[in-house]
Amino acid sequence: MRAGHLVRPRERGPALVPPAPSGRPGLLEVEGLTVSVSPPGERRRVDVVSNVSFNIMAGEAVGLVGESGSGKSLTLRAILGLLPAGATVKGGAVRFEGVDLLSGGKRSLQRVRGTGVTMIFQEPMTALNPVVRVGEQIVDAARRQLGWSRRESSEHALELARHMGIRDPDAVLSLYPHELSGGLRQRVMIAAALACQPRLVLCDEPTTALDVTIQAQIVALLARLRQESQMSLLYVTHDLAVVAQLCQRLQVMYAGSIVEKGSVAEIFASPRHPYTLGLIRATPDVHTVVDELTGIPGSAPHVGARPAGCAFHPRCSLATIECSSGEMPLRDLGNGRASACIHVDACQSAAEGLEAVR
Amino acid sequence: MLARYVARRLLLLVPVVFGVTLLLFFSIHLVPGDPARSFLGDRATPSAVAALNKAWGLDHPIPVQYWLFLDRLVHGNLGQSLFYQSSTAGLLVGRLPVTLLLLVYGAVGSVIISVPLATLAALHPGGAADHSVRVVGTVGIGMPSFWVGTCLIILFGLVVPVFPVGGYGETWPSHLWSLVLPGLTIAISVSPMLVRSLRTSLIEALGSDYVAFARAKGASPSVVLTRYGLRNAAVAAVSVLGVNIGFLVGSTVVIENVFALPGLGSLMVQSILDRDFPVVQGITLVFAVLVVLVYLLTDLAYAVLDPRVRLT
Ligand SMILES: Nc1ncnc2c1ncn2[C@@H]1O[C@H](COP(=O)(O)OP(=O)(O)OP(=O)(O)O)[C@@H](O)[C@H]1O
Ligand SMILES: [Mg+2]
Chain A
792 MRAGHLVRPR ERGPALVPPA PSGRPGLLEV EGLTVSVSPP GERRRVDVVS NVSFNIMAGE
852 AVGLVGESGS GKSLTLRAIL GLLPAGATVK GGAVRFEGVD LLSGGKRSLQ RVRGTGVTMI
912 FQEPMTALNP VVRVGEQIVD AARRQLGWSR RESSEHALEL ARHMGIRDPD AVLSLYPHEL
972 SGGLRQRVMI AAALACQPRL VLCDEPTTAL DVTIQAQIVA LLARLRQESQ MSLLYVTHDL
1032 AVVAQLCQRL QVMYAGSIVE KGSVAEIFAS PRHPYTLGLI RATPDVHTVV DELTGIPGSA
1092 PHVGARPAGC AFHPRCSLAT IECSSGEMPL RDLGNGRASA CIHVDACQSA AEGLEAVR
Chain B
372 MLARYVARRL LLLVPVVFGV TLLLFFSIHL VPGDPARSFL GDRATPSAVA ALNKAWGLDH
432 PIPVQYWLFL DRLVHGNLGQ SLFYQSSTAG LLVGRLPVTL LLLVYGAVGS VIISVPLATL
492 AALHPGGAAD HSVRVVGTVG IGMPSFWVGT CLIILFGLVV PVFPVGGYGE TWPSHLWSLV
552 LPGLTIAISV SPMLVRSLRT SLIEALGSDY VAFARAKGAS PSVVLTRYGL RNAAVAAVSV
612 LGVNIGFLVG STVVIENVFA LPGLGSLMVQ SILDRDFPVV QGITLVFAVL VVLVYLLTDL
672 AYAVLDPRVR LT
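Taken in sequence, the protein lines are chains A and B. When you number the first sequence by my numbering, it's gap-free, plus one each residue, and the end is 1149. When you number the second sequence by my numbering, it's gap-free, plus one each residue, and the end is 683.
You may find that some hints are simply not true.
Facing chain A, a subset of chain B residues (Cβ under 7 angstroms, in silico) [as the list claims (entries may be wrong)]: (1) H502; (2) D580; (3) A587; (4) F618; (5) G621.
What the hints contain is simulated information worked out from the structure, not anything from laboratory work. Glycine residues also receive a C-beta, built at the ideal position from the N, C-alpha and C atoms.
The shape of chain A in the complex, shown without the other chains (with noise of 0.2 angstroms):
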């Protein structure tokens, strides 16, 4: 049998991948994707994602964290074309190497799928077909695009189960997924989701399903899996320690926006948006003194219910009269960071509390 095409390593590079110099274009480039939803029982369309750019890098792996309904899984969908009945790409760009996929029409989009760009599912149990069994799900589609024959689709098979640490992968790979547990159906989906070796993977919460020891499992086989094929990650979490542990930059939404960016330590050490210090000071892996650990107050705003100006100032223990109305683009603030506050000054010393305790 031949050695592995996922073993082989592209280029062993170091784990951690320098930001890329200014002016090379990105692996992925989104720019100003909107993407608009009718909210429950309304006509009028409501943007849930507005205006979104960010890049990848080759390599990189990019965390991208919010509460929930802040756009996330819809940013994610939009890149790949694959929109729920009912949500639509009002505007904006997604190019994947320097190719456009949003005005691109189906054949662009067919091409980049699974070789290029790919996307992980929070729940392994639906994103597996169910009357399958899930041996001929990791390579049903890699059969197509690579031109196995069925000798060598099983022996990839057997190959990617292998790899992602699954034991006894003869006997797992003839199984249906309900037969499997929540651990064995991710490991299951990521292998389906690497047979082509694609260069970007979309992390929808691929853990979020799982319990806690899986969590960790899973955590450390997309570290190592990226260390050995230096595939790009956007990883979408509401857990900021395995960003810490995955990922070179982040990226908050609040309510369909970005509202701040930068490097994971610089963000860490030092948010320069509230809602961001909000999220930190409320996980308790990064901020490890418990007495300090302190919830949002209020709830995220409802579809259609955006606040004017800038949607988290209702929350904010920052917020001025400033706030409550006027746009709030994403500010530059040098060194790939940005943040969409205006007070970006108080905030830098309200985080500055944080370090202390730190």
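Keeping the supplied structure of chain A fixed, place chain B with the ligands upon it in accordance with the hints.
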């Protein structure tokens, strides 16, 4: 496991058959009219009628007749036709293939009609194709099968004479050919229901996470449609198909008469007119068994299509 399941389901046939015989035997004797008299004609002498009744065993009290009937039944003897010079069982065996083939034609035909229509409708829900399919389906549901059959006869008998419009022919090829229009009639009456169910489950499947993930993996549209969409939609649709075919067993009575097919359905009508009790009983029994077998096959197909189903 499968064999035990089938065996147990087949055992269930026994009480069903028993119940049917009971219902049938007593209800048929409530029908007014004396078979011997109608067989011999109005001017037969009472002694001739009595002699014939005795020969046919009709002089016993009804409970005794029922007992004798059951006794013969367990020995595979459905009695002697009062009308034809033949045993009922022999008559039925000769007629059964026609009806069975007709049902198979109907089942296969309805799948051939429904899958493309449902796919067309489900690919763009609310689109022009979807609306057209729905309108055609609504019209189809409203049409009784004898009328559909008559329309097909007019169309294929007078306008485009391709298929025979009646009779069964002499050879196997002509048998198969002559069943096309009757089979189509059945298929047309089942299809609206099947299209509706397939469309709903296909839309659901195509909107599911597993289809989104299949697309994300780079699966081609045809693989997504067949191995993910239709494959999953078939699970729900097979039950709808089974229930409808089971239901249609009875409607072969109408269709075989419209197309003059020598099947069980047309024999049933004739035997009722002739007051040929043993034959009517025999056919009803066969129909009951057929319905139960169709449901059994449906359950088996369901279990084969969906590995989550446990046969117990
Ligand atoms: N198909 C849809 N039709 C209408 N509204 C939708 C649809 N899908 C999502 N939404 C709305 O869009 C908003 C963003 O949804 P999205 O799933 O992207 O959130 P999320 O950030 O992934 O949240 P979570 O952390 O809970 O997964 C939500 O308010 C949701 O109610
Ligand atoms: Mg989500």
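Q) With a cut-off of 7 angstroms, does the beta carbon of G621 of chain B approach a beta carbon of chain A closely enough for the hint to hold? A) Status violated, d = 33 angstroms.
Q.
Using the nearest Cβ pair, does F618 of chain B come within less than 7 angstroms of chain A?
A. Violated, about 26 angstroms.
Q | Hint check, A587 of chain B versus chain A [nearest Cβ-Cβ separation less than 7 angstroms] | A | holds (4 angstroms)
Q: Would you check whether H502 of chain B satisfies its interface hint, that is, whether its CB is within less than 7 angstroms of any CB in chain A?
A: This hint is violated: H502 of chain B lies away from chain A, its Cβ roughly 17 angstroms from the closest one there, beyond 7 angstroms.
Q: Go through the hint on D580 of chain B and say holds or violated, using the shortest Cβ distance to chain A against 7 angstroms.
A: holds (4 angstroms)
In summary, the structure is inconsistent with hints 1, 4 and 5 from the numbered list given earlier, while agreeing with the others.
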